[in-house]
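Chain order of the listed sequences is A and B.
Per this note's numbering, residue 504 is the first one in the first sequence, and the count goes up by one each step.
Per this note's numbering, residue 504 is the first one in the second sequence, and the count goes up by one each step.
Because the hints were derived from the structure by calculation, they are not lab data.
The reader is advised that the hints may include incorrect statements.
[Claimed, not checked] What the simulated footprint calls covered on chain A by chain B, stretch by stretch (three residues with Cβ under 8 Å from a Cβ of chain B suffice, anywhere in the stretch; the number is not a length):
1) 507–520
2) 542–555
3) 570–576
4) 700–706
[Said to hold, decoys possible] Okay, derived cross-link-like pairs now, DMTMM-like style, lysine to aspartate or glutamate, Cα gap no bigger than 25 Å in a straight line:
5) A/Lys544 with B/Glu556
6) B/Lys552 with A/Glu720
7) B/Lys552 with A/Asp567
8) A/Lys533 with B/Asp630
9) B/Lys558 with A/Glu548
10) A/Lys552 with B/Asp625
[As the list claims (entries may be wrong)] Incomplete in silico selection of chain B near chain A, CB under 10 Å:
11) Asn583
12) Ile701
13) Thr705
Just so it is clear, CB atoms sit at the ideal spot from N, CA and C, and this is done for glycine as well.
Number of protein chains: 2
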Amino acid sequence: MQLNIIKIGGNVINDSEKLTEFLTAFAALKGNKILIHGGGKIATEIAKKMGVETKMVEGRRITDEPMRDVVTMVYGGLVNKQIVAQLQANSCDAIGLTGADGGVILAKKRPVEEIDYGFVGDIEKVDSQFISSLLNQRKTPVFAPLTFDKTGTMLNTNADTQASAIGVAMGKEFEVNLIYCFEKKGVLSDSENDDSVIAELTPENYENYKAAGVIYEGMIPKLDNAFAAIKNGVKQVTICHAEELLNAVEKGNSGTRIIIN
Amino acid sequence: MQLNIIKIGGNVINDSEKLTEFLTAFAALKGNKILIHGGGKIATEIAKKMGVETKMVEGRRITDEPMRDVVTMVYGGLVNKQIVAQLQANSCDAIGLTGADGGVILAKKRPVEEIDYGFVGDIEKVDSQFISSLLNQRKTPVFAPLTFDKTGTMLNTNADTQASAIGVAMGKEFEVNLIYCFEKKGVLSDSENDDSVIAELTPENYENYKAAGVIYEGMIPKLDNAFAAIKNGVKQVTICHAEELLNAVEKGNSGTRIIIN
Numbered sequence: 504m505q506l507n508i509i510k511i512g513g514n515v516i517n518d519s520e521k522l523t524e525f526l527t528a529f530a531a532l533k534g535n536k537i538l539i540h541g542g543g544k545i546a547t548e549i550a551k552k553m554g555v556e557t558k559m560v561e562g563r564r565i566t567d568e569p570m571r572d573v574v575t576m577v578y579g580g581l582v583n584k585q586i587v588a589q590l591q592a593n594s595c596d597a598i599g600l601t602g603a604d605g606g607v608i609l610a611k612k613r614p615v616e617e618i619d620y621g622f623v624g625d626i627e628k629v630d631s632q633f634i635s636s637l638l639n640q641r642k643t644p645v646f647a648p649l650t651f652d653k654t655g656t657m658l659n660t661n662a663d664t665q666a667s668a669i670g671v672a673m674g675k676e677f678e679v680n681l682i683y684c685f686e687k688k689g690v691l692s693d694s695e696n697d698d699s700v701i702a703e704l705t706p707e708n709y710e711n712y713k714a715a716g717v718i719y720e721g722m723i724p725k726l727d728n729a730f731a732a733i734k735n736g737v738k739q740v741t742i743c744h745a746e747e748l749l750n751a752v753e754k755g756n757s758g759t760r761i762i763i764n
Numbered sequence: 504m505q506l507n508i509i510k511i512g513g514n515v516i517n518d519s520e521k522l523t524e525f526l527t528a529f530a531a532l533k534g535n536k537i538l539i540h541g542g543g544k545i546a547t548e549i550a551k552k553m554g555v556e557t558k559m560v561e562g563r564r565i566t567d568e569p570m571r572d573v574v575t576m577v578y579g580g581l582v583n584k585q586i587v588a589q590l591q592a593n594s595c596d597a598i599g600l601t602g603a604d605g606g607v608i609l610a611k612k613r614p615v616e617e618i619d620y621g622f623v624g625d626i627e628k629v630d631s632q633f634i635s636s637l638l639n640q641r642k643t644p645v646f647a648p649l650t651f652d653k654t655g656t657m658l659n660t661n662a663d664t665q666a667s668a669i670g671v672a673m674g675k676e677f678e679v680n681l682i683y684c685f686e687k688k689g690v691l692s693d694s695e696n697d698d699s700v701i702a703e704l705t706p707e708n709y710e711n712y713k714a715a716g717v718i719y720e721g722m723i724p725k726l727d728n729a730f731a732a733i734k735n736g737v738k739q740v741t742i743c744h745a746e747e748l749l750n751a752v753e754k755g756n757s758g759t760r761i762i763i764n
């Protein structure tokens with residue numbers, strides 16, 4: 504059985520008009536589906552209003568205790584529930600989940616090495632059986648980028664990684680089609696040219712593009728997650744523009760396709 | 504089959520030590536159970552930090568759009584997920600829900616009459632079948648006091664009312680034991696004397712206590728919810744101290760019992 508797993512990035516979430524457009528398309532998708540959403544700038548904005556300082560190291564958020572509470576509120580509450588309510592209004596029977604809900608994604612607080620990322624979770628286990636049972640009841644799980652650990656704390660978790668881990672776990676039972684939607688048309692060979700989409704990315708040309716500096720910074724962890732998925736049982740992985748969701752699912756000819764062997 | 508439905512009030516949620524104590528007791532309860540939590544002062548505190556004004560009319564919160572977003576964040580995100588994660592750490596397989604999740608509690612925005620309460624929901628329908636399916640999977644639903652309507656907006660909803668409505672809906676399939684836990688030992692006949700607990704409240708003595716001014720203000724809507732539950736198929740309704748949860752469930756001799764006929 505087929506399962507579409509869609510990840511929607513933060514930049515679309517920041518723009519309520521684009522988000523509504525995306526959710527309308529997502530709601531229209533037939534069959535089993537799961538949505539994973541990123542956080543977006545709104546956590547930073549609300550933290551600022553509350554006097555909670557946003558600390559970044561090498562482009563990554565440091566989740567100290569006050570920031571953990573902010574992301575729990577904003578990702579798990581505001582963003583997740585707004586998405587769920589909008590999907591419900593579009594006749595999509597969405598159910599919002601963090602990793603803590605039903606214990607569905609257990610993680611471990613990242614050990615402190617050179618950098619202390621704070622309350623950041625590295626995923627240990629996804630309960631694919633519970634997710635399946637929701638799908639069997641025609642529910643559409645909508646995941647916030649949050650997990651938990653056995654001490655009972657919430658943990659901030661990268662949404663790309665979470666999408667990959669959910670894809671791999673569900674791949675044992677379903678033919679998983681994993682689509683990373685964001686604000687670009689795909690992986691670009693020229694970051695100045697929005698139309699320079701790389702149609703297919705293999706482990707070989709990925710290495711070449713990285714070595715040449717064509718693929719860099721934030722695209723690297725995203726693509727590492729994409730390759731991890733395809734190498735571990737996900738049937739198809741695509742990176743495309745949020746506006747191309749329906750084309751990517753129905754025609755499979757949008758964005759960048761991740762390919763192995 | 505028996506089902507314990509427990510409502511925990513805002514004052515316990517404001518005190519993290521008391522909340523932890525309560526959650527430890529709740530986690531230890533055997534069998535089917537559901538938790539409904541109130542909001543607590545924290546929404547007001549966070550609203551203040553964010554520069555969102557709290558408007559009250561006759562002791563009730565007016566939920567304008569900025570406040571709707573605050574309660575969605577705080578009740579549906581921060582409070583709900585902290586409770587879920589703590590229960591998970593206590594081996595209770597909790598799943599946090601707002602009314603929007605799985606469309607489980609559909610409401611209608613309260614019509615504007617003398618007062619415009621804003622984004623406040625009056626409950627229309629509880630999907631008891633979905634709640635049952637979670638219980639059958641040994642999950643423990645944990646409800647935030649939030650519902651949604653068909654336009655896709657979240658709605659602030661009184662937790663006492665929500666507990667009563669869930670109790671009534673589940674009462675068709677289960678023998679429901681509904682317990683309202685708060686910071687007093689029960690309904691008091693003398694608000695100055697914490698030990699003046701009224702052991703049993705019938706519709707008749709309730710009317711008498713109200714007429715005499717013994718029961719007043721916030722206790723009245725709480726008790727109206729309690730009576731609505733017992734009159735509509737809930738087997739047993741108790742109002743007791745949060746610290747008495749285990750006694751109330753196991754021995755049934757704590758707090759105030761609501762009785763009809």
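Here is how each hint holds up against the structure:
{"no.": "1", "hint": "507–520", "verdict": "violated (count 0)"}
{"no.": "2", "hint": "542–555", "verdict": "holds (count 4)"}
{"no.": "3", "hint": "570–576", "verdict": "holds (count 3)"}
{"no.": "4", "hint": "700–706", "verdict": "violated (count 0)"}
{"no.": "5", "hint": "A/Lys544 with B/Glu556", "verdict": "holds, 23 Å"}
{"no.": "6", "hint": "B/Lys552 with A/Glu720", "verdict": "violated, 35 Å"}
{"no.": "7", "hint": "B/Lys552 with A/Asp567", "verdict": "holds, 19 Å"}
{"no.": "8", "hint": "A/Lys533 with B/Asp630", "verdict": "holds, 23 Å"}
{"no.": "9", "hint": "B/Lys558 with A/Glu548", "verdict": "holds, 23 Å"}
{"no.": "10", "hint": "A/Lys552 with B/Asp625", "verdict": "violated, 31 Å"}
{"no.": "11", "hint": "Asn583", "verdict": "holds, 7 Å"}
{"no.": "12", "hint": "Ile701", "verdict": "violated, 37 Å"}
{"no.": "13", "hint": "Thr705", "verdict": "violated, 40 Å"}
Violated hints, listed in ascending order, are 1, 4, 6, 10, 12 and 13; each of the other numbered hints is respected by the structure.
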